[in-house]
Amino acid sequence: MGRYLGRKLLIYALTFFLAVTIDWMIPRFMPGDPVSLMIARIGTRPEAAEVLRGYFIQAFGLDVPLWQQYLNFWKALFQGDLGVSIWLYPQPVIKIIQRAIPYDLFILLPAILLSWFAGNHVGALAARARWLDNTLLPVGYLLTATPYMWLAILLAWSLGNVAGVFPIAGAYSFSIRPHLSLRFILDLLHHWFLPFLSLFLVMFGGWAIGMRNMIIYEMESDYSRYLEALGTPQKLIRKYAFRNAMLPQITGLALQLGGIVAGAVATEVVFAYPGIGYIILNAVQNQDYFLLQGCFLFIIIGVLLANFLIDIVYVIVDPRTRLGMTGE
Amino acid sequence: MLQVENLTVYYKTIRGYVQALEKATFTLADGEIMGLAGESGCGKTTLGHSLIYLRPPMNYIGGRVVLDGQELPIWDMEKMQEFRYRHISLIPQYAMNALNPTRKIGKMIAELLESRGVSYSEILPELKRRLDLVQLTQDVLKMYPIELSGGMKQRMVMVISTLLNPSLLIADEITSALDVSTQKAVCEMLVEFRDRGFVKSTIIITHDISILYQIADSIMVMYAGQLSEKAPTEVVFQDPRHPYTRMLIGSLPKVGVRYQEERLRGIPGSPPQLLNPPPGCRFRDRCPVAFGRCTEVPPFLEISPGHSVACWRAF
Amino acid sequence: MLSLERVTKVYRLGAFGLQKLIAVRDVSFEIGEREIVSLIGESGSGKSTIGKLILRLTPITSGTIRFEGTDVSTLNGLSLKEYYRRVQGVFQDPFASFNPIFKADRVFRMVRDEFYPQVGMREWNEKVEGALRAVGLNPPDVLNKFPHQLSGGQLQRFLVARALLLDIRLLIADEIISMLDASTRVDVLNLLADLKARGLSILFITHDLSLGYYISERAIILYRGRIAEMGPTDKIYNRPLHPYTEMLMESVPRLDRKWEEEGRIERKAALTGSVPGGCVYADRCPKAMDICTREEPELKEAETGHFVACWAR
Amino acid sequence: MEQEQPKKVRSEFIFFAWRNAKLRIGVSILLVFIVFAVVGPFLVKYDPYEYSGPMGAPPSREHWFGTTIFGQDVFSQFALGTRSTLTVGLLGGCIGTMVGILVGLLGGYRGGMLDEFLNVITNIILIIPTLAVLIIIAAYLEVRGILTQSLFIGLTAWPWAARAIRAQTFSLRVREFVDLARITGRSSLRIVLTEIAPNMMSYLLLVFILQFGGAVLNAATLDFIGLGPTKGVSLGLIMNNAVLWAALQLGMWWWLLPPGATIAAIVGALYITNVGLDEIFNPKLREM
Amino acid sequence: QPQTVTVVQTVPVKETVPVIITPTPAPSPVVYPRNETLYTSGKQWGPPTSWNPLQPGSYAMGVIGLCYETLFLFDPLKNEYIPWLAESGQFVSDKVYEVKLRQGIQWQDGQPFTAADVVYTFELGKLPGVYYAGLWNWMEKVEAVDDYTVRFTFKEVRHQSWWNTLYNTAIVPKHAWEGRSQEEIVNGPNLPPMGTGAYMYDTHSEDRMVWKRNDNWWATKLLGRSVAPKYILDIVNPSNNVALGLFLKGEMDLSNNFLPGIATLVKGGYGVKTWYDDAPFMLSANTAFLFMNTTKKPMDDPAFRKAMAYAVNVDEIVTKVYGNIVQKANPSGLLPTWEQYVDPAVVSELGFSYNPDQAKKILDQAGYKDVDGDGFREAPDGSKIALKIIVPFGWTDWMESIRVIAAGAQAVGINLQPDFPDFGGYWDQLTGGTFDMAINNFGSNLSDTPYTFYAWLFRNPIEASMPNGNFGRYENPEVFALVDELDRTPKEQMGAVISKIQRIQLTEMPAVPLWYNGLWAQWNETYWTNWPGAAEGLPKYLPCTWNGYWNMTSILMLTELKPAQSQ
Ligand SMILES: Nc1ncnc2c1ncn2[C@@H]1O[C@H](COP(=O)(O)OP(=O)(O)OP(=O)(O)O)[C@@H](O)[C@H]1O
Ligand SMILES: Nc1ncnc2c1ncn2[C@@H]1O[C@H](COP(=O)(O)OP(=O)(O)OP(=O)(O)O)[C@@H](O)[C@H]1O
Ligand SMILES: [Mg+2]
Ligand SMILES: [Mg+2]
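Chains as they are written, first to last, in the numbering used here: chain V, 4 to 331; chain W, 29 to 343; chain D, 17 to 329; chain H, 5 to 292; chain U, 122 to 688.
Any given hint could turn out to be false.
As the list claims (entries may be wrong) - Within a straight-line C-alpha distance of at most 20 angstroms, the following computed EDC-like cross-link-like pairs (lysine to aspartate or glutamate) qualify:
(1) D:K212 to W:D207
(2) U:K247 to V:E53
(3) W:K282 to W:D207
(4) U:K221 to U:E208
Simulated from the structure, these hints should not be mistaken for laboratory data. Since the structure is predicted, the reported quantities are computational estimates derived from the model, not experimental observations.
Produce the entire structure from the sequences given, and follow the hints as far as they go.
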């Protein structure tokens, strides 16, 4: 088990190193010179432009050779410094991200976990109930096949604009100041619901289908047949099948995390929800590669951490990994 | 006491029925260990499974199974439920994979028993005794199946399957994957279980006849879905009446026999397919003594006490 | 003809091969001309590994395997092909030996493609039919069929026939009969015996002693990757020297004698992991002595041609 | 096993395929869209960007799917968009599958350090969020066409396929027929191609289908956040435009609904086909 | 994060001036009352992160204008400067300009506003990184004559730049800023901001910026003007799509977004109001140009460029792409507010309009003929012409526009294809001078003087990177000198210089003016009324929250607003 985790750690370390390196390259090798952009945006009169140019080149640390920039980047990284945003100059990237992260967690965590939980249970139900299988599964397929943003836009428009039941933008009402009260919390939830729902729905279908198929496999497996032959009630067999089918779903969760980020971007854009996804889009549109770099770094760290957590959980729930029997 | 009459079980496939078990009729006395032998694909597993666990694509076509005077509703998955495990139990061919890989063995047994309304704590002392008997330490209850070797798993399944003292135990190819020394140990345990009365009677399915010679009281030979011969072990070896049995016994190498000295002979030809098999005796094509009568299906008749055979030549 | 000298195979497992599994250790033996040697041992004792090493299917860790004087591990490209012209193998599972999606006689075509591309199709077909007849098959019955349409015995004979197409001197037969029915088994065994008559040597890998006895002159008993005992078959069968061989002999289900009643279940079960440095059989051995747990016995010649690795001898 | 003719194996497949409602439905939907993608552009009366009609007009005889806010014919865009979306899926799916096959087969067959190395790479790409990579690549390429988009979508989507194929290869590699081919003196490449790969065909088909669907969805997401092809039309781009010009708020549902629904239908059909095929290839899942 | 500003300051008692009430702001409410709050949107495209008036590229909506104020305002509709913090200003000698400050102005912390603050602010321009650093190239010194008089001495008077600076430079409080490090001054977020203006910082978060009314605003006492909304809540721009949704839901009062389909909305009974009731609905804010790279063939040929001018069907762009919410540009490119500077003689002589035949004629004459019969003209030397016109991908209105332009060019035989690189690529090509043709409007914004417009259009010198105009790298010392001269020319005398520039511009046609982008502004009257507009009787101030517009009278627009329900 130690070996297993050690191996995983090694891969994570490598991944992190490589990812950060790629990440570092973003602002440096992308088209769109950030400094000239800044100057253009300030729209200063000619005489100041040169002064500003020199100033910004220094401010972004672009005045040293590339290898030095690379080393500096790592150094700064360990001090929690991700540089300065161009789009939101002179705000440090880390601050922008710090403010956005809670919103992401607020939406992503419940959406991921609840969809996973609900999807797995409903999928397990569908595996034995024909009517559910026949009704829910097609819906599930359609949901997973739906482009995130399209679903989100339809939800926003129908429930937000036409029905007017839900707000369509922001994390809480514009008229409310954040404070601790029931009213504010309700308002927060009110705004949270649609973005959450759009992510939840799309992911839910995938889990449900995956679970259903896994359960069917498990129910056909040797140990299920043995138990059946011993007259064990279906309930116990299903319980086992569910538990065992859950294991691949856990790995699936790890694999999905990267992809969920995509969903978050689309959803946050549609609902103008002030999370990282929204910032990424703006960073892309504003050529703010430093910010983009920071966001990706955070996502990478997040995904790595989550993966690692899942790995640990996996080791705990699956004795096979613990004995080093599985290669992965 | 098991009585099987005209048990017929087919597999339903898209191209029709695979006639894997045709009118099987035999009895199994209390305390009897019966070996079921035959070529691969002749329906041994089908017979074994149909007694306990008849599920699609297996189709019950006809026949009766009476265990201890009670007819088993083998065609009804639900009704069979109460007989399974308590009265009739199984050690499957796939014993290596028969345990839930993610449950500790003890826990699994507990859950299995509780689900059948048996108290685990009450049965635990007995369980431990039996583990000792099969030379497993009690620690295995705290282990996961993956931590056991193949032979250990095999024995573990044996213990589990027989825990409720069923009248009938079906052991399907439990020795094929084992090497000789483990094979021997497992076989001896089967006998031990019978001797101690954990099970009343046992059907051992195998294609390794020399093992049957060691432990079985009687041997039943099947060929292509039909019963060929059933007789006490000695009789089968000394006085086989069915030509197939004879040829089968003849093809067994004995320790101490070398090909230079005594060249053994196999059975030429191959068995018929069971999807729309030819009428009559299915061994006809390979039988050296076949004659006109063999186009009719020979009945499985008792020709002497405890010795039944299905061959026109034998009657 | 073929000789193994202190052959060791270590499998590397786990992350970046950090874990090691010694599958075969310091195994030395020879196979002479026209000789059938049985390699006997329980599951996992390293029998197949030795077969694979000889067939160059897995790289050797240390030691040398020589075929007619040349170190097998130095072969490559053409010389390896030449080697395969002389040394061939047939494996345990006849069904798994054929690619299920192609017709079974594809194995013959492969041999032609690789070894006899110059031979004309008709000539080749005749050669194939000849080989098939040589293994007791009727060519029209078996050609042009898919593996699942043939029986295990037929398939296994197919493989032997395939080997015969080449100019082979040595056949590695890895448990080739364990998956077969009793009746078919005999046919394949007899076939092997006939091959010997045609000048072949065979390494006959099995875990069934009675089968080994039936056809081989010499036998090698393998236990956990080491040779426990080696010698003429009749000596090993009739007067085993190693306690492990003894135990095996007792366990064989014989048709002439029933298992000893009193010996039932009393034997020690195998524990996992033996004492490092000592005899690998020490933990199961009824005759284990002190030294057995400390030092590993060397393979010694107890009588002419009969070797054993046991302190008790 | 009973004796059966090879033809029957195939007919058995067709039999089960035909009996499988999921496959029937999935394939029919797909066929409809494929046919449409092939034929549709020929039915088009207008250039997709031409101001061919009244602005923001609802569906009519002239403009089957109405017009955009600029007066462009939505149907024309839709027909061409369906084609390019399917192209992206097909190409992206192909590339993803190919790379996956290559990496999986290579690692699985050769094993050893090469496998470890490929494994690490696979893990890394698996862990780095695809979208991040896609955004970077997309932003890096100033000008992107449908082909480049397919290329980089395919190039980031392969890891899970490689993983799965590697596992399959692993189990096939130790099969005896592979050893047999080796002692026939076959080269590794030929063994992989002629012995191992054919045995995974059904599996590869499933992988391809999932890659196909994934590529379509990925492309749609990229298009939507403005990193789609800078040339041409695609369903994602139509949606992107429709959203930018507030199609729903201005009541132009005909601009936004068809492309999204089509993507959902295509990908959904792919998934359903996948499950259908799975049930056919896998006797355990078959329903009698 | 919510931040309650409690600036409790002991004010040093100065002479006999009565102790000024320390503004301890009443704790902000938890919920902003709808009828006291003005919801705006359109300036802020990302979370507010800076409140530093020295960072014009990034400061939050209203920092200059609502909070910090300038010495003058400029009214583009009347083309006049409105003294604001200054009471008056004038040249007292050739090179000396004196500003008299209003007396009685207080900073929001109660401190008096004095000449020292003004001097301090201008002195800051000496720090690197401050955007008006260039000022000190031609200004010699700034000094406080007394508490309310500031004297600026120049090395060289640049009238246009000076006026531009005067109404654009926000005065910062010396007493609050003095202790700050240079880094903090230039790069600090300056939170909370504290100025002289009508609004004080209340709070902000990722998606909003809230200003609270300064009830002690000087203009109430001194000018009798007061602002009606107690709160101004600026919503960070979501997408256009969401902005429109919010606007239609009545969650926004004033939207300075570019909202698609505005014609439908104004006419369709949605209650949406704009400056004009009819097309073009909006005032104009800048001019979009077709830039041609004059360093490349054939764009180096004025005849070719001229032909391009005739080949562009701007009307189609205006009607189809924009649905008539923009206006076709005058051939001079000058915004309508600068109409007085257009020389009608020059324009009628040299001006152009969409005329394919004319374009063909010019091309024919200049020797651009289709020699090889592929439908496109070749250059006079016989070489093929294959050009690309670029705009950033995703800028859909521009994308549509260049499709029209390319179609127009193709119609007269010029092989011009639209191309849509990502913004980064576009920007690199545009500023690096590697493009063929492109659309841009970044520096043609409404201001007090057409000088800013020409300085952008004829930006010089030509350098490796040209981020601030003259993307076509049109090199003409004559016109460069004229633009410089324009800078030094007082307002009244500009006409003559501009006329010369226009003549060269229209002859050489370095860039083709296409259309005027609107001063996107739409509002509804649910909560606030008396919005400005073109109609009779409405206030005539700009309704705009963008940077640089509060001091172009938008702040006065606020003083005119009335709550809807109060009557
Ligand atoms: N699920 C099934 N569907 C169709 N035919 C089946 C199925 N299972 C078994 N059969 C067929 O039924 C016949 C009897 O099979 P069975 O498994 O009982 O044989 P067996 O004697 O146990 O063979 P083995 O020794 O190989 O286990 C065979 O011909 C087999 O092909
Ligand atoms: N490719 C491999 N990688 C790692 N370990 C292996 C590999 N092949 C075999 N082993 C291990 O090497 C040991 C010897 O295996 P081998 O297959 O030679 O045994 P065997 O005697 O042929 O057993 P069996 O009778 O089961 O075929 C076993 O412990 C096995 O687990
Ligand atoms: Mg069986
Ligand atoms: Mg082996």
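- Task: Quick one: which hint numbers does this structure break? Sort them smallest to largest.
- Result: Result: hint 1 breaks, nothing else.
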